[in-house]
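Residue numbers (our numbering), protein chains in the order written: chain A, 1 to 188; chain B, 1 to 187; chain C, 1 to 189.
Source of the hints: derived by calculation from the structure; they are not laboratory data.
All values derive from a computational prediction rather than experimental measurement.
All residues carry an ideal CB built from backbone N, CA and C; glycine is no exception.
Some hints could be false.
[What the hints assert, rightly or not] Just so you have them, the derived chain C footprint on chain B, three or more residues with Cβ under 8 Å: (1) 54 to 64; (2) 88 to 100.
[Stated by the list, open to error] Partner residues are not named here, just some residues of chain A that face chain C (Cβ under 7 Å, in silico): (3) Asp36; (4) Thr37; (5) Thr52; (6) Gly53; (7) Val55; (8) Val62.
As a plain string of letters, each chain reads:
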Amino acid sequence: MRLQRLLFSLAAFLPLAGSAQTPVSIPIINSIFQDDTLSCSPGGDCYSLNITGWVVGPQSGVYKSSTVQYPTAPSSGLYAAYFGGGLTGSILQTLGLTLQANKTYTLTLAVGARADLSFTGYLASLMAGNVPVASSNKATPVGGTFVNDVIEYNSGASPAQLGQPLQIFVKSLGNGQVNIAKVTLTMQ
Amino acid sequence: MKTHTRLLPLAALFVGVLSAQTPVSIPIINPIFQDDTLDCSPGCAYLNITGWVVGPQTGVFKASTTQYPTAPASGLYVAYLGNTDATGSILQTLSATVQANTTYTLTLGVGARADSPFTGYLASLMAGNVTVASSNKATPVGGTFVSDVIEYNSGATPAQLGQRLQIFVKSLGSGQVNIAKVTLTRQ
Amino acid sequence: MTLKTFLLAALLPIAALPIAATAQTAITVVNPFFQDDTLECSPGNCSSQYITGWVVGPQTSVQKMSTTQYPTAPKAGLYVAAIGDTSASGSILQTLGITVQANTTYTLTLGVGARADYPFTGYLAALMAGNVTVASSNKATPVGGNFVSDVIEYSSGATPAQLGKPLQIFVKSTGTGQVNIGKVTLTMQ
Numbered sequence: 001m002r003l004q005r006l007l008f009s010l011a012a013f014l015p016l017a018g019s020a021q022t023p024v025s026i027p028i029i030n031s032i033f034q035d036d037t038l039s040c041s042p043g044g045d046c047y048s049l050n051i052t053g054w055v056v057g058p059q060s061g062v063y064k065s066s067t068v069q070y071p072t073a074p075s076s077g078l079y080a081a082y083f084g085g086g087l088t089g090s091i092l093q094t095l096g097l098t099l100q101a102n103k104t105y106t107l108t109l110a111v112g113a114r115a116d117l118s119f120t121g122y123l124a125s126l127m128a129g130n131v132p133v134a135s136s137n138k139a140t141p142v143g144g145t146f147v148n149d150v151i152e153y154n155s156g157a158s159p160a161q162l163g164q165p166l167q168i169f170v171k172s173l174g175n176g177q178v179n180i181a182k183v184t185l186t187m188q
Numbered sequence: 001m002k003t004h005t006r007l008l009p010l011a012a013l014f015v016g017v018l019s020a021q022t023p024v025s026i027p028i029i030n031p032i033f034q035d036d037t038l039d040c041s042p043g044c045a046y047l048n049i050t051g052w053v054v055g056p057q058t059g060v061f062k063a064s065t066t067q068y069p070t071a072p073a074s075g076l077y078v079a080y081l082g083n084t085d086a087t088g089s090i091l092q093t094l095s096a097t098v099q100a101n102t103t104y105t106l107t108l109g110v111g112a113r114a115d116s117p118f119t120g121y122l123a124s125l126m127a128g129n130v131t132v133a134s135s136n137k138a139t140p141v142g143g144t145f146v147s148d149v150i151e152y153n154s155g156a157t158p159a160q161l162g163q164r165l166q167i168f169v170k171s172l173g174s175g176q177v178n179i180a181k182v183t184l185t186r187q
Numbered sequence: 001m002t003l004k005t006f007l008l009a010a011l012l013p014i015a016a017l018p019i020a021a022t023a024q025t026a027i028t029v030v031n032p033f034f035q036d037d038t039l040e041c042s043p044g045n046c047s048s049q050y051i052t053g054w055v056v057g058p059q060t061s062v063q064k065m066s067t068t069q070y071p072t073a074p075k076a077g078l079y080v081a082a083i084g085d086t087s088a089s090g091s092i093l094q095t096l097g098i099t100v101q102a103n104t105t106y107t108l109t110l111g112v113g114a115r116a117d118y119p120f121t122g123y124l125a126a127l128m129a130g131n132v133t134v135a136s137s138n139k140a141t142p143v144g145g146n147f148v149s150d151v152i153e154y155s156s157g158a159t160p161a162q163l164g165k166p167l168q169i170f171v172k173s174t175g176t177g178q179v180n181i182g183k184v185t186l187t188m189q
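Model the full structure from these sequences, guided by the hints.
Structural data, given as structure tokens:
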């Protein structure tokens, strides 16, 4: 009886195995947009259509900005995805993981507004099987800065998109430009 | 015996209702090519299309009445594939995979511009990079769209079972083909 | 002869037979020779951004080479993927329909070319699965105007970390030169 009581007391204090899970990082190709190297000097004219690993829309590519666009950019330039500017653009990547039940997915994007160009908004989505499961457009960076947009999705016990491949999708809105410097996705 | 006799016709009706399944739509990103907004006046185009892997000389086109007389004043968004410089293509891999005993219906709005030659196209339903059904039968008159409907019956043991479905269209020759709408259903 | 001896004698030759070797299976690649696109221009300075079936990075195109770039090019031109230039590095990526299986050997073979008229400053070719590199190589060193094969092998083992993940082929240029890819094949065994 004493041993039973002791064990019961210990069990009450022990955390349930797996209840404090560490977020698992989901691999993204070219997640900080540095897989492409541009030879030009950082600045407004230093960009190229297309981005390694991402399916892009019109007017979308990789950009090496200078302190004119982002005052804290290093002298070697700051690589980011650019999309939009006169027309809308987009980036899309399909990941290797499929949507699982009872998981929390956290998509974090560093959203930037150039100091020298208008920012007219964006829409970022976590998708699965081509269907958005969570989205956001809440980041409102001041010109020349990046702010994080954190998008969370709880799949629940029986998500409609169970087993579908996860995707990250961001598009620009209006005729301004949005820059994305970093994308991460975790699962817990 | 009487109860069984009464129930049999009802059972037959019930089976009939079940077997007439409603087609299920398979999600496609940017299926009517309106996810991109071009600021220019109708008659303008830009390389690349949101959600589609493109080949050369392929992008989104905001056509005017010069290209399609029934286009709205705000412009008609379509995919443009190819021109006199090169052939073009669009490809999208879907999340749905090939299932047995299923009929897939791919429908495309295929257009020929009034102001540019149309020299044909090839549209395919693929799975795991292998073509399972294709067509080039639409012959739109300049300035119009016609539908091309491509059907694929997977049968009991399809070779591409479990492979992800893909939609692929390419232009042929030195002309241009426009695609206004893409849908895919399964039944 | 006892039953035991008889059975042993009968079975030994059968046991000595080699286990049948599994045949190599080709994995389908869209546009593996970069000939799905037709360029109307004359071979040589003839290219167009984007390549059917491949997700491309910057400065990546399909190009129709002439004997200026590759002396053995046919008169009609030689189609290749042209990846990178002095402006920017480039890349090609394709996700395949097959996922990683256990106890399987995958062999990725690429025809890697260096133009006779443009610097070649290297490349990195990778077999990936679920966006994770499982095997890679940069060992081909073609002489200007030639192609050489780079063969990249990946043996998945009993419990591969990327089991069930879709296979991908990825090639990027390094430095300020250009790498051409003439052919891509992937088999499994």
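Consistency of the hints with the structure:
1. 54 to 64: Since three or more residues must qualify, the claim that chain C covers the stretch 54 to 64 of chain B holds, with 5 doing so at under 8 Å.
2. 88 to 100: holds (count 4)
3. Asp36: 5 Å, holds
4. Thr37: For A/Thr37, the interface hint holds, since the closest Cβ of chain C sits about 4 Å away, which is under 7 Å.
5. Thr52: 4 Å, holds
6. Gly53: 6 Å, holds
7. Val55: 6 Å, holds
8. Val62: At 6 Å from the nearest chain C Cβ, A/Val62 passes the 7 Å test, so the hint holds.
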